[in-house]
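Using the sequences plus the hints, can you model the full thing?
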Amino acid sequence: MLKGSSRLDSACHLLTSYSEHLTSLIFHSHSWSLDEHNNP
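FYI, this note's numbering numbers position 27 of the sequence shown as 43, with every residue one higher than the one before it.
One thing to keep in mind: the hints can contain errors.
Using C-beta positions, here's what the derived DEER-type ranges look like [said to hold, decoys possible]:
id, residue 1, residue 2, range
1, S47, A27, 39 to 45 Å
2, K19, H46, 37 to 43 Å
3, K19, S47, 39 to 45 Å
4, T39, K19, 27 to 33 Å
5, S47, S26, 29 to 35 Å
6, F43, S22, 30 to 36 Å
7, L41, G20, 29 to 35 Å
8, S45, D25, 26 to 32 Å
Since the hints were derived computationally from the structure, they do not count as laboratory data. Every residue, glycine too, gets a C-beta built ideally from N, C-alpha and C.
See the structure below:
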């Protein structure tokens, strides 16, 4: 039980860090496009 719960915990941690990475990646690419659009 404890083993399964720790596995779930690590999966949640991985998913959280992955989504944070994805969010920052999207944010940076979005702000980059805005900068390029504002300064041709």
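Verification of the supplied hints:
1. For the pair S47 and A27, the beta carbons lie near 31 Å from each other, so the given range of 39 to 45 Å is not met.
2. Under the hint 37 to 43 Å, the C-beta atoms of K19 and H46, about 40 Å apart, fit the expected range.
3. Separated by about 42 Å at the C-beta atoms, K19 and S47 satisfy the suggested range of 39 to 45 Å.
4. In this structure the hint that T39 and K19 lie 27 to 33 Å apart at CB holds, the actual value being about 31 Å.
5. For S47 paired with S26, a C-beta distance near 32 Å keeps the hint of 29 to 35 Å intact.
6. Between F43 and S22, the C-beta spacing of about 31 Å keeps the proposed range 30 to 36 Å intact.
7. Judged by the Cβ atoms, the range 29 to 35 Å given for L41 and G20 holds: they are separated by roughly 31 Å.
8. A hinted range of 26 to 32 Å for the beta carbons of S45 and D25 is consistent with their spacing of about 31 Å.
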